[in-house]
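Trainee: Sequence:
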Amino acid sequence: MIPLVEEVLDRKNLKMAVPIISSESNDPSVGPRAYFLQVSPEEEAALVGLGTIAKDGFAFNIIRFGFTMPTYVLSLAHLYGTLEDITDLIMKILSDDPFQAIILDLARSNPNIEQGEPDIDLIYDVLNSVKVTQTDWLTQGGIMEKATHLYIRSPAGDLESFNFWKAKLRSLDFSDPFIGTGALIGPWKCLGCFGVDHPTGLCPFPKVPGWQGPPIPPRNTAPPPLPNATFPYDHQQAPLPTHFDSSQYPRLSQPSRGTFRKAKRGRL
-13 MIPLVEEVLD RKNLKMAVPI ISSESNDPSV GPRAYFLQVS PEEEAALVGL
37 GTIAKDGFAF NIIRFGFTMP TYVLSLAHLY GTLEDITDLI MKILSDDPFQ
87 AIILDLARSN PNIEQGEPDI DLIYDVLNSV KVTQTDWLTQ GGIMEKATHL
137 YIRSPAGDLE SFNFWKAKLR SLDFSDPFIG TGALIGPWKC LGCFGVDHPT
187 GLCPFPKVPG WQGPPIPPRN TAPPPLPNAT FPYDHQQAPL PTHFDSSQYP
237 RLSQPSRGTF RKAKRGRL
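According to this note's numbering, the sequence shown is numbered sequentially starting from -13.
Incorrect hints may have been included.
To be verified - 27 Å max Cα-Cα, derived DSS-like pairs, lysine-lysine:
1. 41 - 78
2. 117 - 78
3. 78 - 152
4. 117 - 132
5. 78 - 154
6. 152 - 132
7. -2 - 78
8. 175 - 152
9. 154 - 132
10. 175 - 117
11. 175 - 154
12. 154 - 117
13. 175 - 132
Said to hold, decoys possible - Quick list of simulated restraints, FRET-style, between CB atoms:
14. 28 - 54: 22 to 30 Å
15. 24 - 164: 53 to 61 Å
16. 124 - 3: 37 to 45 Å
Worth flagging that the hints you see were computed from the coordinates, not collected in a lab. Note that CB positions come from ideal geometry on N, CA and C, so glycine has one too.
Work out the full structure, taking the sequences as your base and the hints as a guide.
Mentor: Here is the structure:
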C-alpha cells in the first residue's frame, strides 16, 4: 500500500500507522481493515479527491479521518411525567443563561465550527439537536422503572472539552416537584454492541456476534440433574453399611424429639 500511495503523491518516506483492531472480527489472525496515513493537508485533499486507488488487482478507498463526538450524555431515573413533560423540563434547564454561556464558549473554541455566526444561532444549533427517549428497565430491587436518556450534539471540538461538557451536563439538577427527582443512573456497558446508553438486556442490536451467550434450551430438552446436585461441591453422603444394626446404638434408635423425666417433689 505504501509504495502505491507514494507513487500517487510522488514522494518518499510515507508513514503509515495501524489503528487498534476493533471488534469487527473475533479472529486475531485477521488484520486491520483501516490504516492511518500521515500526509500534509494538500496531500490529504489530493488523496480524498481520488477516492479509490487501484493497481495490479489491489485497491483501497481513501477517506478523510474524523472523530464524531458522542451525542449520548446521561440517563435519569425517577421521572414520572409524560415524555413531553420531561422533554420540556430538560429544555428549560438547558436554556438557562449560565448553560447557554457554556455552549457558546465551547462552540467559539471549536475549530470545526464555522466562526462568525451569531451567538444565538450557535446556541440554537445545539439545543435543537436535543433528543429524549425512554426505556423500561428492571432495578436491582425488582421494580420496573422508566429510564430517560438525553442525547445532544456537543459543541466541543476535542476529547478534553467533551469530557468537560459531559461533566457539566451531569452536574445539572433535573428535579421537578411535579415530575420527580431526576436521579442520574448508568452509564451501562452493553455486552452486545458495547453501547453505554442501555444495559445488555435492552440492546437494540440482538444479532451482534456473542449476543447474550448461547440460547437457553427448551425445558423438554434440558439435561437431567447430576446425581450429586443436592450436595455442595463434589461431596456425597456415604451410605450406611448393609450390616449396620441400629439397636446396638440406643441413642440412634431413640425418637428425634427430646424426652425428660418427671421430677419428684422434694426439698431444696
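Trainee: Between residue 24 and residue 164, does the beta-carbon spacing fit 53 to 61 Å?
Mentor: Roughly 56 Å apart at Cβ, these two residues keep to the hinted range, so it holds.
Trainee: Is the Cα-Cα distance between residue 175 and residue 117 27 Å or less?
Mentor: OK: residue 175 and residue 117 at ~21 Å, within 27 Å.
Trainee: Between residue 117 and residue 132, does the CA-CA distance stay at or below 27 Å?
Mentor: OK: residue 117 and residue 132 at ~16 Å, within 27 Å.
Trainee: Given the hint that residue 152 pairs with residue 132, test it: the Cα-Cα distance must not exceed 27 Å.
Mentor: holds, 22 Å
Trainee: Tell me if the straight-line CA distance from residue 175 to residue 152 falls inside 27 Å.
Mentor: With Cα atoms ~17 Å apart, residue 175 and residue 152 stay inside 27 Å; holds.
Trainee: For the hint 37 to 45 Å, verify it against the beta carbon of residue 124 and that of residue 3.
Mentor: holds, 44 Å
Trainee: For residue 41 and residue 78, compute the direct alpha-carbon distance and say whether it is at most 27 Å.
Mentor: Since the Cα atoms of residue 41 and residue 78 sit roughly 57 Å apart, the hinted pair is violated (cutoff 27 Å).
Trainee: Take a quick look at whether residue 154 and residue 117 sit within 27 Å of each other, Cα to Cα.
Mentor: The hint holds at about 18 Å.
Trainee: For the pair we were handed, residue -2 and residue 78, check the Cα-Cα distance against 27 Å.
Mentor: With a Cα-Cα distance of about 57 Å, the restraint between residue -2 and residue 78 is violated, given a limit of 27 Å.
Trainee: Does the alpha-carbon distance linking residue 154 and residue 132 stay inside the 27 Å limit?
Mentor: Satisfied, since the Cα-Cα distance of roughly 23 Å is no more than 27 Å.
Trainee: Residue 175 and residue 154 were given as a pair; does the straight-line alpha-carbon distance stay at or below 27 Å?
Mentor: It holds: about 22 Å lies between the C-alpha atoms, which stays within 27 Å.
Trainee: Quickly compare the C-alpha distance for residue 78 and residue 152 to 27 Å and report which way the hint goes.
Mentor: Measuring from Cα to Cα gives roughly 18 Å; hence the hint holds.
Of the numbered hints listed earlier, those contradicted by the structure are 1 and 7.
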